[in-house]
Amino acid sequence: MTLAADMPMDGLKTRAEALFRRKRMVAIALPLVLLAYLVYALFAFNVPALLQGASLENGATLIRDSYSYKTHVTRDNRSGEVTFAIEGERKGEYAPGTHPDWVTVAGDDTITDLGGGHLVHYRAEGVSYEIPGYGTVSAQPGNGGVNATFPDGDLPEWINASKNRVTITTDAGRVTITRNRTEVFRYSLGWELFFFTLDSPYHGMGPGELLSHALSGEAGAIWHDFWNNAMWRHGDVAWALVETVLMAFLGTFGAAIVALPLAFLAARNFAPLMAVRFTFRRIFDFLRGTDALIWTIVLSRAFGPGPMTGALAILLTDTGSFGKMFSEALENVDGKQIEGVQSTGAKPLLRYRFGVIPQVTPVLLSQVLYFFESNTRSATIIGAITGGGIGLMLTQAMITQKDWEEVTYFIILVILLVFVMDWFSGWLRRKLIGGER
Amino acid sequence: MADQTAASIEDASPAEIRERYLAQTRRKRLYSGMLLAVFVALMAGGFITADSRNAGGFWDGLHRIFDFPAGVIAETVEKIDRMPANLVKFFPALMETINIAAAATLLGALGGIVLSMLATRGMARWPRLIPVFRRIMDVMRAVPEIVIALVLIFVLGGGPVPAMIAIAFHTVGALGKLFSEVNENASLKPVEGLASVGANWSQRMFLGVVPQVAPNYLSYALLRFEINIRASAILGFVGAGGIGYELKNAIGWGIGRYDEAAAIFLLLFLTIVVVDQVSSYARDLLTHGRKKEMLA
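Heads up: the sequence lines are chains A and B, in that order. So the first sequence is numbered by my numbering: it starts at 574 and just counts up by one. So the second sequence is numbered by my numbering: it starts at 5 and just counts up by one.
Chain B extracted, bound-state conformation (with noise of 0.2 Å):
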């Protein structure tokens, strides 16, 4: 086939080949045009039903948008004394979140690990099991967290256990397909050399795998941690605890607790830029920090 095209392009005078290429010039724009006005109708179309189907209109509420953060802000200049009192009342909250996060984080992220190994060619204790055991990972990580966490709250009453719960479950999917695609690039070298001692699976695993992978897994699971405090952030607002909670009783109370409420914006943004920044320095300490030390 390319043979033949090749051939023919040989063939053809510097005219044909001219027009054959302005020819594809003008297929691949029309198929550029056509996609890109597939993709501009349905923004448009989505936006109008979107628009249609909220309660207030776009238009309406976009003068609006200020008038709710302007409130928050005058009420706390207006009480701003409080304010360290409110960030000192609702640092225990924080931190239940942040526990929330990094429990979930730590036992997604050693399921993750063994999930990974099963599902990885080349280390799976059954070979035969990789495909079911990369289900059962797709699954994990398709569960929204919030229905694990409705579920649970449900039968264990609400708190931290039902979202911790809930967020380890997604994360070992989400952490999981992570490291079986580091552990693809691993060198079983190591694996090979401790079988021909007679080690078993997880001397092997843990001897010949983890520490040629562990700085890469770090910094997924760093990453993980970062997503995972948004996510336990967020179902305390749905009804298990900690600063999600909180916020949720500060808002509905309406104007008379908006101090609360910004001092629990603040706790909450602080704490995700200060973990995306840590984090991102370690994992780049993690990742290029290694190459430098292997080059040198």
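Isolated chain A, as found in the complex (with noise of 0.2 Å):
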């Protein structure tokens, strides 16, 4: 009676013993196997040459330019000539005759101040940077080089200096002499000319007297000065988040058009042919399987770069998708519902507009606005590929590697965007299917 009980009782606990044995060996092998992973992809990814290779320079032009920008004080040193252009852009340039405010023109003696006791002196015979804790630096370019002239002493590490070329860099700014040129970059906060660029009237006024011109019947000219900034080129970057936006659009609800009639066709329920049934779930996967990135060049041979391409892209992979998600939802539906309305006399089509299309209809629309805010995203990288909407501008300016500020501009619009379409998204699904119940 005893050993009855008690063996038993040895066999679970035997059991039990593996059992946590078990689990012992797998709560540390897990890790381990995920850790020797990690390793490998350390190596996979030649992470070490990586690091070496990495310039930190770039990282802090980034950095810095996404806030700053710099104004280029340009003298050419055959005629004499001094240009001030922001950013050194042709557009940015100011007129003949005017200067940015931090320069001082003094007869042919034109000062610029970096600011801190950094004076930048041009004159006839030559240029001299006056550095506070150095000395001064002077230059006669011409024949023969640049001629400069250093305080006593060793050069620092922040003087790259040789025959035909002299480069200063200080906290301040930065001066390059050559033979031809000397330039100084002076770097100031903000993102300039985002409104207005020089060559238009409401340059430098504030929102007060804007507004007051504005009432006085200039508000057309106003906007067509902002719209087509030349530099930050709002009316085109508006156009481009359109087309995101339409891609996305076109692409999410004309691929779930599309899938829904097919998706009967793969849905068990409906469609009792098996052949069919198979047919229409390997279209569905090969849809699903052939990526957008793939769709995305085949199309753009047929179609060329531009919205209508990538909507095409999401469309065909997104039908994929919804077929599949469409199918699965039809198979879930209850059956009473159909048999009800079928019970008045109703014809198939008018089952299923009546009986299927209500209980299935809250699930697929959440679906839908789900994909549709996940494919804003996914149009800025198909823009890229494709050639249109922001992804393209995004692109664009960033192989330049010169106007971070435009990049910085353009990451902060395409993130407002994704977050827009996720929050309207998310509105119009409680809208819609809040309604309904």
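Keep in mind that the hints are not guaranteed to be accurate.
Far from chain B, by Cβ distances over 10 Å, these chain A residues were calculated [as the list claims (entries may be wrong)]: (1) Leu692; (2) Pro705; (3) Arg747; (4) Gly827; (5) Arg950; (6) Phe992.
Listed next, the stretches of chain B that the computed footprint assigns to chain A, with coverage defined by at least 3 CB atoms under 8 Å from CB atoms of chain A [as the list claims (entries may be wrong)]: (7) 53-63; (8) 82-94; (9) 106-115; (10) 120-131; (11) 153-162; (12) 186-192; (13) 239-252.
Hints were generated in silico from the structure; no laboratory data involved. Note that this is a predicted model, so its numbers are computed, not measured. Heads up, the beta-carbon is just placed ideally off N, CA and C, and yes, glycines get one too.
With the hints in hand, could you dock these two chains into one complex?
See the structure below:
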């Protein structure tokens, strides 16, 4: 009697102990496997070499440029002409005879004040840079090189001098002297010319002043100058954002419209013929498996770059995803409702309309809206490949590796766009689905 | 309010009720019709706009849609003997793409687990900071991978690591949100039990919550892995290495290397289909198999 009771207890005990041992093994082995994989990935990706090759200077430029801009003060050493240009771009050039207020022109002496006591003089006989705590560097560029003279002692690291080129980089700015040109970069905070470029009469006006101009009938002109700002291209950027949303919208909802009827043919309870079901499921798998990347490449050969190509690529991929999801939703519908509609003598089409569609609409709609939001993000990437929308502008601005403030601006816009779409699709989901219940 | 309508319905004659019902139906139909009209107008307007801003029009391109695939297939058939060699040649690039996705999913899931627990009521280490962690996840989810990848490529140089970091960053936000929904449904009793014996926060989470939610975590992570393979292939096209980069080169070359493009298409397609099927089978096992076991 006691023996019989003890035996299974012992068996249970050993089994429990074995289970615990196994669990303990797994608990130790699993993190070890993960760690081993990450170490493998570390070497497969060649991370040590990457860290050596990383250019921290690029990162620093990027960060500094994202919140500041530089103005180039350039002197042509042959003609003696001095020009001022924001970011050194033609469209940011100051009109002849005007200059930023940190520049003083006294006769043929142009004094650039870099702040903190750093002064650069452009004179007819040459250029001189007063560096506090170091001394004055002067140079007479011309035939035979830059002809620079430095204060006594060894050259510090931040001065890079050769016969034909001298570069001085200080906290206040950067001076480059070559035989033909002398250039000063002065860094200032902010995104210059964001609203109006220098050629607009409204540049430099405060909001109050602008408002009074707008009220006196110049609103159209003010808007025109802002919208066609050559530096920031607000009009083009707005179009690019619209194009990106358009790609996501046409792609997602087009896919839903195409996928809904096809999903019936892939659902077990609506397509009794095995062969039909199998065919449509494989079609969906094919559409989904051929990634949006491949569709984009194939379609851009036929339709050329632009938002239509991106929209169609999203449409094809998502038709596959929706087809699968919709047919799964259709397989889960309640048959009673369909029977009820059928009992009133409804034809098959009416049965689907009133027996099936009301049941699945909330599920389908919430899936479609979720995809809409996530496709806005995809459309940014697809746009970078197929050449449309904000994705393209972002990659273009990045490839030039110059206008990092523009890149920052685009990044902020993209994130805001995704946020807005996220909020909008959530709002619509609550409105439509909440309203139907 | 509800009582009033109920009372007035009781008072109303059948004809009145019928009238009201029909009026309500008409109103509903009108609203649905208006909604549908707006939607159709948006679709049509969007189609026309997209068509006019595309380099080639939709109707012009429609008959050319098979030209490129036909060209690729023709060249592939011509050089079919090279196919096995091409498949072997691009296999390392495919492995790199898969490795990017796997490492990113792994790191992203680990980050997502921690963030999701910090953002779930009842589990959070600092309950007051729950909204902060939620916003952090929202922001991480909102940033498209390409943005981070391009910035990192500029700083770190091209290669798989920028893509991995970019995808992992996005994955933390995406999985963190799904995980925190899973956490909401987890029982807090084990956590309380562990707290009563003096376990600290990480012990409570690791021993009390993770065993409950691990199958669901795994299922979501598998789904994400599939998405991340696609993302990593796309980022390769923008300059982050892997099979996307090889594809860009083969396509950019044009006729003459289409057999290579076809091999890459095939590899990518097979990978996605295999991962899709395996992960959907495994996910089914993880969520449904578990239920069966519990019921039995």
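Hint by hint, here is what the structure shows:
1. Leu692: holds (34 Å)
2. Pro705: With a cut-off of 10 Å, Pro705(A) remains clear of chain B, as the shortest Cβ separation is near 32 Å.
3. Arg747: Fine: 20 Å to the nearest Cβ keeps Arg747(A) off the interface.
4. Gly827: violated (7 Å)
5. Arg950: violated (5 Å)
6. Phe992: Given a closest Cβ separation of 5 Å, the condition is violated.
7. 53-63: Satisfied; 9 residues make the cut.
8. 82-94: violated (count 0)
9. 106-115: As far as the stretch 106-115 of chain B goes, the hint holds, because 4 residues have Cβ atoms under 8 Å from chain A.
10. 120-131: violated (count 0)
11. 153-162: Since 6 is at least three, the answer is holds.
12. 186-192: Three-residue rule not met by the stretch 186-192 of chain B, so violated; n is 0.
13. 239-252: holds (count 5)
In terms of the numbered hints stated before, the structure departs from hints 4, 5, 6, 8, 10 and 12, listed from lowest to highest.
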